[in-house]
Amino acid sequence: MNDILMYSATGFVLFFLGLYFVAFAPLVITRILAINIMGVGIFMFLVAHANSHNGVTDPVPHALILTGIVVAVAGTALALVLVKKIQVLSHNQNVTINSSSDTDQHTIQHTEQSPNQRTKDNLHD
Amino acid sequence: MFKDISVNNQQVVHRDTQSVVIRLSIAVLMAALCAITIYVLALSEPAQPILRNLALAQLDNTGVDNPVTAVLLNFRSYDTLLEIALLYVVVLSLYSCLFNPNESNLPPLPTFESHVIVRHFLRAFIPLIILIGGYLLWTGAYEPGGAFQAGAIIASGFIVVRVVGEPIIYPPWIDTLCIALGTATFVAVAIAVAFFEGTILTYPAGSAAGLILLIEIAATLSITLSLYIFYRMLGRL
Amino acid sequence: MINTLIDICLCAGIIMIATMSLTSQYLFKAIVLFMCFGILVTLAWVRLNAWDIAIAEAAIGAGITGVLLLVSLKPNSVPKKQTEL
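Residue numbers (this note's numbering), protein chains in the order written: chain X, 42 to 166; chain V, 624 to 860; chain E, 399 to 483.
So that you can see chain X by itself, here it is in the shape it has in the complex:
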């Protein structure tokens, strides 16, 4: 029982660590890593509890997680292709994405063109 609690606790720590860095990491690829680490945390909690009944493991969470790993790699690949696509479309070197709901403008100063102009250029192409 003790090691099961330990692995579950590790899973939760990984989950919350990933959650914090999904919100606050400065680089987009670090956020993708953080999402993967969140997923591993959830997997670890499920596997630890599948193991908790005196020796015989529960095959249902194992099958679930096997599916989840393949889905995670598919999601990672899709996210990476979208990131690369944004990089190609904005061939300005210092682009930061600014959410529209946020009113302070200090991140836009790092881009050389305004975002609207850039979008127009790409649409023109």
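Errors might be hidden in some of the hints.
Claimed, not checked - Chain V residues, not near chain E, derived (Cβ > 12 Å throughout):
hint, residue
1, Thr640
2, Ile649
3, Ala670
4, Ala708
5, Val741
6, His743
7, Trp796
8, Ala807
9, Gly858
To be verified - Partial list, computed: chain X residues near chain E (C-beta under 7 Å):
hint, residue
10, Asp44
11, Val81
12, Lys125
Hint data in this document are derived by calculation from the structure and do not stem from the laboratory.
Heads up, the beta-carbon is just placed ideally off N, CA and C, and yes, glycines get one too.
Once you have looked at the hints, place chains V and E on chain X.
Okay, now just chains V and E, sitting in the frame of chain X:
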């Protein structure tokens, strides 16, 4: 919170006091939440293993001996069907991201002469990788292993060949065929079985082992090609 | 006793490498640490008697995800039409 993300792999640091305070407070909040969750978990009793007992009691009727494969491809085959379909959809969306008719074509993935030691090592190594993949596929019915592991290992063999610069040449229709093969076989089996048994994906008695093997072979081809295409697409962009 | 020690070291190592990977300033270092994280997690699956997941994680989590992340670090090959713009 999601105020500024650098897409171009260069860190842009904004540290005003307000954002630092927000970060610290959210970090403390998350640590507290984590501690509470672990505390609740330590107090609670583990749930009764109802699903495990059901699965292990019916294992003799599934046609396979490995309980994980039985759950994946017999008890919960809907999940696996949807997962293979999801891989198919992701590959299609990658194609639609990359091959926009308004843009000119992307350059192909470069090939270059690999070192002679690497080339001779791979010549002996790649057949072994494919053999291990086939072994995992076959042994998935009795022991740990199965379609996902086999597909992942064969795909990593392909990726190794591509990483060192050797070309892998095959006609392009194999891509189109093999990606769709997993989903198509699974759906075909599901519908064909429905004619005999009345419900989708309920295998007739005695034929479960053969049908599961058929689905697994198709799924292995599909997963291998999908993972290899992920690498190829990202390398071209 | 020795098993508990292994479990404690594994859990501490997993959390430590995850933190190092996420707080790293350099993306290459972060991705390589993430691959190390995948290998340690594989060991954790083995400790938890989940052999199916261990095989899949070793091939996919530690291998293919890392390769996909690393290949996405290479400079963009921008199509010709875009560079003339």
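**Q.** Hints breached by this structure
**A.** 9
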